[in-house]
Amino acid sequence: MPPKQVQLTVQNISKSFPGKGGDVNVLDDLSFSINERDFVSIIGPSGCGKTTIFNIIAGLLEPDGGTITYRGKEIESLRGRVGYMMQKDLLFPWRTVMGNVLLGLETRGVDQKEAEEKAREYLKQFGLAGFENAYPKTLSGGMRQRVALIRTLIMDPDILLLDEPFSALDYQTRLYLEGVLKDAVQKFNKTVILVTHDIDEAVALSKRVVVLSGRPARVKVVHEIDIEATSPITARNDVKFSTYFKTLCAELDIQTETTS
Amino acid sequence: MSLVMSDTSARKKITPRKSRKKRSTFDTTLGRAVLQLLAVAVFFALWELGVHAGYISAFLMGSPSGIFATFYKLVLSGELLSDSWYTLFEAILGFIIGTIFGSLFGLALWYSVFVAKLVEPFIVAINSVPKIALAPIVVLWFGTGLISKVALAVSLTALVALIAAYQAAKDADVDLQSLMISMGADKHQVFWKAVVPSTLPSIIATFRINIGFGLVGAVVGEFISSQRGLGHMIFLASSLYDLNSVWVGLFTLMILGFVLYYVIDIIERTSLPWKQATTSHQVQV
Chain A
526 MPPKQVQLTV QNISKSFPGK GGDVNVLDDL SFSINERDFV SIIGPSGCGK TTIFNIIAGL
586 LEPDGGTITY RGKEIESLRG RVGYMMQKDL LFPWRTVMGN VLLGLETRGV DQKEAEEKAR
646 EYLKQFGLAG FENAYPKTLS GGMRQRVALI RTLIMDPDIL LLDEPFSALD YQTRLYLEGV
706 LKDAVQKFNK TVILVTHDID EAVALSKRVV VLSGRPARVK VVHEIDIEAT SPITARNDVK
766 FSTYFKTLCA ELDIQTETTS
Chain B
423 MSLVMSDTSA RKKITPRKSR KKRSTFDTTL GRAVLQLLAV AVFFALWELG VHAGYISAFL
483 MGSPSGIFAT FYKLVLSGEL LSDSWYTLFE AILGFIIGTI FGSLFGLALW YSVFVAKLVE
543 PFIVAINSVP KIALAPIVVL WFGTGLISKV ALAVSLTALV ALIAAYQAAK DADVDLQSLM
603 ISMGADKHQV FWKAVVPSTL PSIIATFRIN IGFGLVGAVV GEFISSQRGL GHMIFLASSL
663 YDLNSVWVGL FTLMILGFVL YYVIDIIERT SLPWKQATTS HQVQV
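Sequences listed follow chains A and B, in order. If you use my numbering, the first sequence corresponds to residues 526 to 785, in order. If you use my numbering, the second sequence corresponds to residues 423 to 707, in order.
Simulated from the structure, these hints should not be mistaken for laboratory data. Bear in mind that the values here come from a model prediction, so they are computed numbers and not experimental data. Hints may be right or wrong, so weigh each one.
As the list claims (entries may be wrong) - The calculated BS3-like cross-link candidates involving lysine-lysine, where the alpha carbons are at most 27 Å apart (straight line), are:
| id | chain 1 | residue 1 | chain 2 | residue 2 |
| --- | --- | --- | --- | --- |
| 1 | A | K745 | A | K529 |
| 2 | A | K545 | B | K539 |
| 3 | A | K613 | B | K609 |
| 4 | A | K638 | A | K598 |
| 5 | B | K592 | A | K545 |
| 6 | B | K697 | A | K613 |
| 7 | B | K539 | B | K609 |
| 8 | B | K592 | A | K662 |
| 9 | A | K613 | B | K539 |
| 10 | A | K715 | A | K745 |
| 11 | B | K697 | A | K662 |
| 12 | A | K771 | A | K745 |
| 13 | A | K638 | B | K609 |
| 14 | A | K598 | A | K613 |
| 15 | A | K707 | A | K732 |
| 16 | A | K765 | A | K529 |
| 17 | A | K662 | A | K638 |
| 18 | A | K649 | A | K715 |
Said to hold, decoys possible - Calculated from the model, a selection of chain A residues having no Cβ within reach of chain B, i.e. all distances over 12 Å:
| id | residue |
| --- | --- |
| 19 | G590 |
| 20 | G605 |
| 21 | P618 |
| 22 | R740 |
| 23 | F770 |
We treat Cβ as the ideally placed atom computed from N, Cα and C, and that holds for glycine.
Based on the sequences and whatever the hints tell you, model everything.
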């Protein structure tokens with residue numbers, strides 16, 4: 526295995542929001558790093574500021590303090606270089622599937638014909654050929670999230686920021702899309718940071734899991750997940766899966782066994 | 423995976439339940455049209471009979487037969503057509519100018535929260551003036567010709583469009599805008615690709631109200647001072663107690679408004695095809 530190279534480092538990031546009783550410290554001195562071609566899940570108690578981290582990395586929020594280093598260079602944010610996917614598919618309702626997929630390339634000023642050709646290729650690959658002219662409202666939740674994934678991947682972003690992208694979907698669709706995601710990430714050599722509240726999903730997909738403590742968020746512990754599996758479904762059958770699952774539950778103070 | 427997918431698609435094939443409520447024979451397009459025409463016919467028949475029986479004063483109310491005779495006369499002389507065109511032209515011109523300028527200004531306020539907050543009380547203040555009250559000054563300023571009527575229609579429609587556009591731009595989905603920013607889009611791109619399209623339904627919804635306001639502006643302008651138009655015709659006829667001519671003018675205005683409403687309806691449907699995909703049937707209670 527080649528030595529792991531650090532791609533992104535987040536150092537001493539802090540952020541507070543004005544609240545009713547003074548400022549609320551959401552992030553305080555948060556640091557972690559992401560390797561090249563990493564698949565990192567961030568889990569933590571709800572409301573611990575996971576989305577805030579993403580917004581800072583994506584350049585939607587400015588941190589109060591701290592630095593972001595990308596491939597050795599200190600940068601403001603990764604605006605324009607990340608693929609952000611949220612729980613809501615955020616498809617533009619007035620754009621067709623094709624129009625939605627093209628959104629990013631349009632903002633980048635890519636030649637229309639070239640972009641469309643690329644989009645068709647992606648749509649075909651993700652089993653959405655024939656839906657180019659459909660409006661999002663007519664698609665199922667799983668298909669819509671697939672369109673959102675294509676819209677993200679077609680931009681060829683350096684890092685994918687996935688903020689609970691599948692949590693609004695039913696279990697079957699979620700399993701299916703986890704597989705689609707994992708395949709795509711492998712194929713396109715992407716680095717992924719996944720925020721999730723689903724421990725099961727985190728273990729099945731990631732190479733590493735970062736556990737955050739409650740507000741203000743700090744890194745509690747980082748777990749390397751050593752499961753060699755071809756798909757998230759087979760990963761769930763791995764002997765080590767339940768050990769990781771239980772350990773992570775314990776980290777999050779979730780009781781897994783009823784004590785008498 | 424294909425197994426799972428085919429399983430769900432098989433479950434989706436539920437045979438549509440037959441509507442339990444039996445639809446009445448008149449509940450079709452043709453049936454409704456028959457009922458609607460019947461209601462109009464009965465209304466005019468009762469009116470005519472009332473006049474003949476002496477219950478209704480033809481002098482103060484006019485009579486359907488008199489209205490029809492006047493209508494026939496005015497059509498033949500070409501007066502009705504030219505007056506209608508004149509009023510319609512004023513109304514549509516005022517509507518278009520007012521809607522375009524109002525919407526553009528309202529949308530532009532999205533660009534600067536500072537400017538928007540600064541001008542908001544002024545907009546509210548201007549909007550709270552009944553614009554009809556401006557009519558005498560508008561005529562003073564712009565004369566008795568076409569321009570004063572158009573100006574009045576503009577003053578009525580522009581603020582409606584402005585407020586709707588501004589509100590819709592403020593309400594535009596922040597997440598969609600954030601997504602575009604994360605993609606590296608600049609402010610103009612966010613404005614044109616995320617904000618403007620999401621305001622279109624609200625802006626187009628003002629068309630329905632504003633086309634009516636356009637007619638109001640044109641007709642009121644003609645009331646005050648004009649040589650032509652349906653407003654002028656109604657005003658003149660009522661001062662002469664020519665009720666039949668008044669009714670011809672009113673019914674013509676009604677027809678104009680009616681036609682314009684459906685034109686707007688078609689514009690709405692063709693310009694927002696993505697909305698069509700969503701409109702589901704009304705729930706039967």
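Please work out if K771 of chain A and K745 of chain A have their alpha carbons no farther apart than 27 Å. Between K771 of chain A and K745 of chain A the Cα gap is close to 16 Å, so the pair holds against 27 Å.
Restraint check for K613 of chain A with K609 of chain B, where alpha carbons must lie at most 27 Å apart: 23 Å, holds
Pair hint outcome, K592 of chain B versus K662 of chain A [Cα-Cα no greater than 27 Å]: 23 Å, holds
Between the alpha carbons of K745 of chain A and K529 of chain A, is the straight-line distance 27 Å or under? Holds, at roughly 22 Å.
Restraint status (C-alpha distance of K715 of chain A to K745 of chain A at most 27 Å): 26 Å, holds
Minimum Cβ-Cβ distance from G605 of chain A to chain B exceeds 12 Å: 2 Å, violated
Please check whether the beta-carbon of F770 of chain A is more than 12 Å away from every beta-carbon in chain B. 23 Å, holds
Restraint check for K649 of chain A with K715 of chain A, where alpha carbons must lie at most 27 Å apart: Holds, at roughly 20 Å.
Given the hint that K662 of chain A pairs with K638 of chain A, test it: the Cα-Cα distance must not exceed 27 Å. Holds: K662 of chain A and K638 of chain A sit about 26 Å apart, inside 27 Å.
Could you grab the alpha-carbon distance between K598 of chain A and K613 of chain A and see if it respects the 27 Å cut-off? Since the Cα atoms of K598 of chain A and K613 of chain A sit roughly 32 Å apart, the hinted pair is violated (cutoff 27 Å).
Is the Cα-Cα distance between K638 of chain A and K609 of chain B 27 Å or less? Given pair K638 of chain A, K609 of chain B holds - Cα atoms ~25 Å apart, limit 27 Å.
If you draw a straight line from the CA of K545 of chain A to the CA of K539 of chain B, is it 27 Å or shorter? 24 Å, holds
In this structure, the earlier hints numbered 4, 9, 14, 20, 21 are contradicted, and the remaining ones agree with it.
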